[in-house]
Every structure is written in C-alpha cells, then in structure tokens.
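A.B. asks: For reference, the chains in residue letters:
Number of protein chains: 2
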Amino acid sequence: MKKRIITVSRQFGSGGHSIAQAVAERLGIPFYDNQLITEVAKQSGLSEDFIRENEEYASHSSSFLYQLAMSTAGTYGYPSVYQKLYEAQTKVIQDLAEKESCVIVGRCADYILRDRGDCLHIFIHADNEHRSKHILEKYGPTDKTTAQRIKDKDNRRRNYYRFHTDRDWGVATNYHLSLDSGVLGEETCVEIILKAMED
Amino acid sequence: MKKRIITVSRQFGSGGHSIAQAVAERLGIPFYDNQLITEVAKQSGLSEDFIRENEEYASHSSSFLYQLAMSTAGTYGYPSVYQKLYEAQTKVIQDLAEKESCVIVGRCADYILRDRGDCLHIFIHADNEHRSKHILEKYGPTDKTTAQRIKDKDNRRRNYYRFHTDRDWGVATNYHLSLDSGVLGEETCVEIILKAMED
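Residue numbers (our numbering), protein chains in the order written: chain A, 1 to 199; chain B, 1001 to 1199.
Errors might be hidden in some of the hints.
[What the hints assert, rightly or not] Pulled from the structure, derived: some chain B residues nowhere near chain A, Cβ distances all over 10 Å:
(1) GLU1025
(2) PHE1031
(3) ASP1049
(4) SER1080
(5) ASP1095
(6) LEU1096
(7) CYS1102
(8) LEU1136
(9) THR1146
(10) GLN1148
(11) ILE1150
(12) ASN1159
(13) ARG1162
[Said to hold, decoys possible] Ranges between beta-carbon positions, derived for each pair:
(14) B/THR1165 to A/PHE163: 25 to 35 Å
(15) A/GLY28 to B/GLU1198: 19 to 29 Å
(16) A/MET1 to B/GLU1198: 27 to 37 Å
(17) B/PHE1163 to A/ARG4: 41 to 51 Å
(18) B/GLN1035 to A/THR38: 50 to 60 Å
(19) A/ASP166 to B/ASP1166: 22 to 32 Å
(20) B/LYS1091 to A/GLN35: 48 to 58 Å
(21) A/THR145 to B/GLU1098: 30 to 40 Å
(22) A/ARG4 to B/LYS1138: 24 to 34 Å
(23) B/GLU1098 to A/GLN35: 41 to 51 Å
(24) A/THR165 to B/ASN1155: 21 to 31 Å
(25) B/ARG1114 to A/LYS99: 41 to 51 Å
(26) B/PRO1141 to A/THR145: 54 to 64 Å
If you are wondering where the hints come from, they were derived from the structure by calculation, not from laboratory data.
Ideal placement from N, C-alpha and C gives every residue a C-beta, glycine not left out.
All chains should be modelled from the sequences, with the hints used to inform the complete structure.
C.D. replies: Okay, structure coming up:
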C-alpha cells in the first residue's frame, strides 16, 4: 500500500528530529514533534507545560510513582493523569493519521499506528561518539557528561516504549527502516527515506 | 570512511540472499554466501559437507552438546571442532575483507568486521506472512509448517549470533541499515543499499 505517513523514532542526539523535519519539507507535508503538545493540550485539558514535562521524556516515567499511578488507575475506576496524557496523545496521533499525510516524531507513534498499511516506520540511531558531538552542538553542555545524558534519555525512552507497547525499543523488526545517521550522514538518511516513500 | 565491503545479516525467508546478490552484481564485486564453505574447508581441513551441516545454521548450535563442546574446549587445551570451524570462518572473512571489496552474507560477518571503518552492515527482515510465502516459493513445502521453520531458523541464528558475539541478533544499533523487504520490496532494498554505498 502506498505510504503517506512517516513515524520517526530516534535516539537522543542521533539527528532524528532534523532528518524527519527535512523529509517533511521535501515531501511538502506537515511535521509533528513538539507541535503535538498543543494538540494534546486541547484534547486532554492538561496544560502545555505539564505535557512538556511529562510526555515521552518524563523523568519519572520509569519511576515507582509513575508505575503506581498507571497500575492503580484502573483499580480506582479513573484514569491517572499520565494515562490521560497517553490516551490524549494516542487520539491526537490517530486523528492526524486519518486526516492528512504527515511526519510524526516519537511518542510511540509507530506502535499506535501499527495496524495502518499506509505508514512507514523509521528508527534513527548513531554511535555514542556521534551523539555526544551532536548533543553538545545542539543543546550545549550541562553539569552532566554527554555519556550520562545519553544513558538517561535512552533509559527513559526504552522504559516509556516498553511500558506502553510491550515491545522492545530499537529492535529492527519494529520498523521498516532503521538508519545509522552517524555513518550514513543526515542527508543520505533523508534521501533513503524519500526513496522508500517512492513506491 | 568510504565503504567497500557489505555484510548482510538476514532473517530466513526475507529475501536477504537475493538482495545481497543483486547488490554485488550491481556493484560488480564478489558475492560470498555458500561460496565461503569452500574457503573455510581449505582453511580448516574440515569437509565441505561437515561445514554445510555445522556452520551458522547448525541444528545443534544451541544444543547442550554444542555448548558443552564450546565451553570445554579450553579446559582440555584444544579447540573443539565447532570452535575450529568458527575460527576458520573468522579468518576467511577477515582475509576477504583485507583482499577485496565484496558482499558477505551471514556468519557473524558484521561482528567479525566490526572494527573496520570500510564496512556497511545491513540487516534484512520481513513479517512472517511475507517470509512464509517466500519460503514456499523458494524451498517448497516440508512436513513442518512455515511458521515452525521460521521459528527454528530464527532461534538457531539468534543463539549462534549471541554465542559468538555476546550481542542480540536483530537489534537496530548493530547495523548501519535495517530494511523490511516485505514492505519496501527487494528492488527498493537494493537501491537503498546502493544509495548508502555512494557516500
């Protein structure tokens, strides 16, 4: 089936955001990464600030409190605020896919849209040397080493993905195309994705 | 660094062999899959029949006897025949990489050549429906279901890879490019690999 939606999962510092944005520009279709926050806020009634702090990258998404909030939600007959956030995100992503061709970054979109035949699911990764360089250039230094920042983000995304999808993050068979942006270069990644969309 | 060697790891029934062969033809460079058996026989003194039965796909590579043969080899101060086979395979692959541009299928070549900067490491996979169809077309039916044949081969290759590399088979970060041949189609996979080799 002809593909019209692209989901991009990416390691922190792999340049996945820029690659996804360039693909959307070249195809002339909307690009959703942080833009989703506004939509999720409208859908859920939660504040944009809360969503920004607690969506995919939430530092406590793998914490005991988060797990407890998720697991006890059903017990008390109401969804926790985290569950509400995930459900709103799911609804926004499903509605976007229904409405228009687009590129969606992160947020388990590959899993949420797994049953659609019109999606191309992509994973972007790179080795730690490339990621460290990219992180310093894009976000600057912090009091943590880049190795620690990479480890923290990888753990958070892995836990978040595992929690919501019951699949392992970064396993090749979850995606139609996985690319090492450090070795291939960002421009070649863009061209490969466009080639994959041609058919 | 300019790439001149391609390693292709592939799921059984994904068409990885055909894709790798087509890439080698298009690049005009040698292709090594079963051809490696003759070289390994020369290197090791083992018979081609023994190698064919006991290399990568060995039905007992995950068995207790195989594990025992591998683990006790050092204890008694001589390499087991399985270790000898793996060492010969490693030597043949390293020598080929040193000698010429080529495409090498399977046999942990991605791991064996991991420290070279001139290799492009590829993983080809597909969903079970596509693989079943491909297996029946290429190898015909047997007394086992295609689902069982897929499961057996996956387990063997996963165990073999895990045993020799201490890495998990099919994890995207082990490869520079992972492709779903069922969704992308074999010809597009070939073109994507050629594109990745251009830079």
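A.B. asks: Could you run down the list of hints and mark each one as holding or not?
C.D. replies: Results for each hint:
1. GLU1025: holds (19 Å)
2. PHE1031: holds (22 Å)
3. ASP1049: Label holds. Min Cβ-Cβ 33 Å, cutoff 10 Å.
4. SER1080: holds (31 Å)
5. ASP1095: holds (24 Å)
6. LEU1096: holds (21 Å)
7. CYS1102: holds (19 Å)
8. LEU1136: holds (21 Å)
9. THR1146: holds (17 Å)
10. GLN1148: Per Cβ check, B/GLN1148 is outside 10 Å of chain A; nearest 19 Å; holds.
11. ILE1150: holds (12 Å)
12. ASN1159: holds (17 Å)
13. ARG1162: holds (14 Å)
14. B/THR1165 to A/PHE163: 25 to 35 Å: holds (29 Å)
15. A/GLY28 to B/GLU1198: 19 to 29 Å: holds (25 Å)
16. A/MET1 to B/GLU1198: 27 to 37 Å: holds (29 Å)
17. B/PHE1163 to A/ARG4: 41 to 51 Å: holds (43 Å)
18. B/GLN1035 to A/THR38: 50 to 60 Å: Holds, since B/GLN1035 and A/THR38 (Cβ atoms, about 57 Å apart) stay within the stated range.
19. A/ASP166 to B/ASP1166: 22 to 32 Å: Since the Cβ atoms of A/ASP166 and B/ASP1166 sit about 26 Å apart, the hinted range of 22 to 32 Å holds.
20. B/LYS1091 to A/GLN35: 48 to 58 Å: The hinted range 48 to 58 Å holds for B/LYS1091 and A/GLN35, with Cβ atoms some 54 Å apart.
21. A/THR145 to B/GLU1098: 30 to 40 Å: holds (37 Å)
22. A/ARG4 to B/LYS1138: 24 to 34 Å: holds (32 Å)
23. B/GLU1098 to A/GLN35: 41 to 51 Å: holds (50 Å)
24. A/THR165 to B/ASN1155: 21 to 31 Å: holds (23 Å)
25. B/ARG1114 to A/LYS99: 41 to 51 Å: This hint holds: roughly 44 Å between Cβ atoms.
26. B/PRO1141 to A/THR145: 54 to 64 Å: holds (56 Å)
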